[in-house]
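Each chain, written out:
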Amino acid sequence: MSCRTTVPLLEPFADGELSPEKVLEVEQHLAECRLCVERVRLGKAMRNSLRQVTRSSAEPSELFRQRLSAALEATRQREWDAQVEANRQERQRMLPWRTILPIAAAATFMLVRTATIRPEAEAKARHSHSPQTAAAMAEQTIEDLLQYHTQGKPIYPSADLNLVHDMEQEVGVPVRLPHLTQYGARWEGGSVVPVRNLRTTASFRYKVAGHPVTIYVYDPKRLPIAEQLQNRRWVGDAQVYVAARGKYSIGAAEHNRVGYAVATDLSDSETAELVAAVH
Amino acid sequence: MTRMMTGKQFESEVLEHLPSMMTVAARLMRHAPEAEDLVQDSIVKAIRARDQYEAGTNLRAWLLKILTNTFINRYRRGGLERSVLDGPDADPLADGWVSASTMEALRDPESQALRPILEAEINQALAELPTEFRLAVVLSDVEELSYKEISDIMGCPIGTVMSRLHRGRRILKSRLYEHALAMGLVGPEQAVGKAEPETVVEMDRYRAKRGARG
Numbered sequence: 001m002s003c004r005t006t007v008p009l010l011e012p013f014a015d016g017e018l019s020p021e022k023v024l025e026v027e028q029h030l031a032e033c034r035l036c037v038e039r040v041r042l043g044k045a046m047r048n049s050l051r052q053v054t055r056s057s058a059e060p061s062e063l064f065r066q067r068l069s070a071a072l073e074a075t076r077q078r079e080w081d082a083q084v085e086a087n088r089q090e091r092q093r094m095l096p097w098r099t100i101l102p103i104a105a106a107a108t109f110m111l112v113r114t115a116t117i118r119p120e121a122e123a124k125a126r127h128s129h130s131p132q133t134a135a136a137m138a139e140q141t142i143e144d145l146l147q148y149h150t151q152g153k154p155i156y157p158s159a160d161l162n163l164v165h166d167m168e169q170e171v172g173v174p175v176r177l178p179h180l181t182q183y184g185a186r187w188e189g190g191s192v193v194p195v196r197n198l199r200t201t202a203s204f205r206y207k208v209a210g211h212p213v214t215i216y217v218y219d220p221k222r223l224p225i226a227e228q229l230q231n232r233r234w235v236g237d238a239q240v241y242v243a244a245r246g247k248y249s250i251g252a253a254e255h256n257r258v259g260y261a262v263a264t265d266l267s268d269s270e271t272a273e274l275v276a277a278v279h
Numbered sequence: 001m002t003r004m005m006t007g008k009q010f011e012s013e014v015l016e017h018l019p020s021m022m023t024v025a026a027r028l029m030r031h032a033p034e035a036e037d038l039v040q041d042s043i044v045k046a047i048r049a050r051d052q053y054e055a056g057t058n059l060r061a062w063l064l065k066i067l068t069n070t071f072i073n074r075y076r077r078g079g080l081e082r083s084v085l086d087g088p089d090a091d092p093l094a095d096g097w098v099s100a101s102t103m104e105a106l107r108d109p110e111s112q113a114l115r116p117i118l119e120a121e122i123n124q125a126l127a128e129l130p131t132e133f134r135l136a137v138v139l140s141d142v143e144e145l146s147y148k149e150i151s152d153i154m155g156c157p158i159g160t161v162m163s164r165l166h167r168g169r170r171i172l173k174s175r176l177y178e179h180a181l182a183m184g185l186v187g188p189e190q191a192v193g194k195a196e197p198e199t200v201v202e203m204d205r206y207r208a209k210r211g212a213r214g
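Chain order of the listed sequences is A and B.
Sequential numbering of the first sequence, starting at 1, is according to the numbering used here.
Sequential numbering of the second sequence, starting at 1, is according to the numbering used here.
Read the hints as simulated data drawn from the structure, not as lab findings.
C-beta: ideal position from N, C-alpha, C; glycine also.
Be a bit skeptical, because a hint or two may be false.
Sample of chain B residues facing chain A (criterion: CB under 7 Å; computed from the structure) [unchecked claim]:
| id | residue |
| --- | --- |
| 1 | Met22 |
| 2 | Ala26 |
| 3 | Met29 |
| 4 | Ile47 |
| 5 | Ile122 |
| 6 | Ser163 |
| 7 | His166 |
Full structure from sequences and hints, please.
In structure tokens form, the structure reads like this:
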């Protein structure tokens with residue numbers, strides 16, 4: 001190869017954009033042409049100096065980092081407000097006859113998304129629903145809910161509203177923020193929690209007056225929790241079910257084909273009130 | 001399965017590329033506060049548009065594309081210029097303007113960079129390049145992006161990227177050479193007519209061919 005044919009290849013060569021065959025041709029030419037070697041070296045020297053000069057002059061200042069983080073905080077707040085507003089409108093659409101409580105932006109939640117639900121496992125769980133096993137399954141469900149309530153830690157403690165959609169896909173029902181501000185509830189974290197080996201419940205952990213409270217949102221067709229709890233009560237116009245296990249209480253209710261459950265160490269009636277309030 | 005990222009995680013991944021965004025913005029804008037505004041607006045846009053980012057692709061290139069588009073939308077309503085600047089390159093041997101020993105004299109033998117006195121000149125030389133050339137050179141030489149990624153960022157074909165890079169680098173080299181001449185680092189007699197013998201032969205052949213054709 002001559003200089004004339006090599007020179008147009010020198011830059012793509014130095015930029016790592018040549019095919020292996022062309023690289024070989026260029027290298028063969030470089031082995032016998034000092035001028036082209038110098039062209040490559042000058043190109044490299046210029047690149048090294050450019051990096052040196054441009055990188056050292058572009059360090060973000062501490063002041064700018066602060067300004068940026070304030071701007072990002074404001075962006076998060078705007079997204080949050082938009083989400084809260086969207087939730088409010090959705091609730092109004094779904095519950096036209098109810099008084100809509102003001103939804104405070106106190107609760108935030110996160111989604112843990114890991115494995116998708118295994119269809120065969122789910123089918124098995126559904127089909128094994130015979131009278132003999134119903135009681136055992138009910139007990140297993142309550143155990144799983146309490147197990148997470150007492151030992152499980154929410155995996156993501158911080159807020160992200162844009163994952164509501166994904167959380168809904170995971171549990172298969174509309175998921176909306178529980179609003180427990182009237183009880184002074186403090187947000188602790190969120191997870192998608194498996195019950196009977198199925199990743200079927202969106203959970204939110206709160207502290208209410210020092211007591212841990214775990215709220216579960218699920219599809220009652222897949223997890224008929226309410227009908228597995230024996231004691232039916234009315235809280236206002238809401239029908240709820242509660243059961244006690246040791247010092248813990250489980251409450252469940254269904255609303256607009258969405259299931260809500262609450263695990264607490266509060267009394268049965270307090271638990272019933274909470275589960276009536278969450279949806 | 002695609003990896004799910006929370007907003008917070010995405011935000012911190014974005015912020016890892018803050019230095020790159022600052023580097024490019026500082027070369028697009030004349031003054032530091034303007035460059036900071038450009039970076040801030042681009043990052044906010046990127047966070048809001050995070051659903052459009054394809055996991056597994058080059059996040060830095062995606063961010064620099066947003067930054068470039070933000071720059072064009074705000075300061076270059078007509079987009080980047082093309083017609084005048086992007087024509088085919090007439091003479092690939094135009095690089096043969098100096099001898100090997102002159103090129104060698106521009107480098108620092110130790111650092112594999114330019115001689116410090118020339119390196120100091122690079123800022124100014126870069127600032128004077130047309131924006132299209134400057135952006136291509138920074139994306140390739142500083143940010144080490146591929147031609148494909150640069151063509152995506154600048155919204156032009158790969159051939160145009162190559163031509164912008166070549167012309168930008170050639171202008172930079174001329175500027176540095178002129179500076180070296182003015183500083184007395186190289187002598188003018190080295191620059192013209194005293195190329196290496198084999199190159200003279202090549203040149204002559206080349207000129208003869210061109211003459212025969214034209």
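Here is what the structure says about each hint:
Annotation: Met22/B was flagged as interfacial toward chain A, and the flag holds, the nearest CB pair being 4 Å apart, inside 7 Å. A distance limit of 7 Å between C-beta atoms decides the matter here; for Ala26/B the minimum to chain A is near 5 Å, and the interface restraint holds. Interface restraint check: Met29/B against chain A, minimum CB-CB distance 11 Å, threshold 7 Å, status violated. Evaluation of the Ile47/B hint against chain A yields a held restraint, the C-beta minimum of about 6 Å falling below 7 Å.
For Ile122/B, the interface hint holds, the least distance from its beta-carbon to any beta-carbon of chain A being 5 Å, beneath 7 Å. Taking 7 Å as the C-beta contact cut-off toward chain A, the hint placing Ser163/B at the interface is violated, the least distance being around 10 Å. Look at His166/B: its Cβ gets to within about 6 Å of chain A, closer than 7 Å, so that hint holds up.
Hints 3 and 6 from the earlier list are contradicted by this structure; the remaining hints agree with it.
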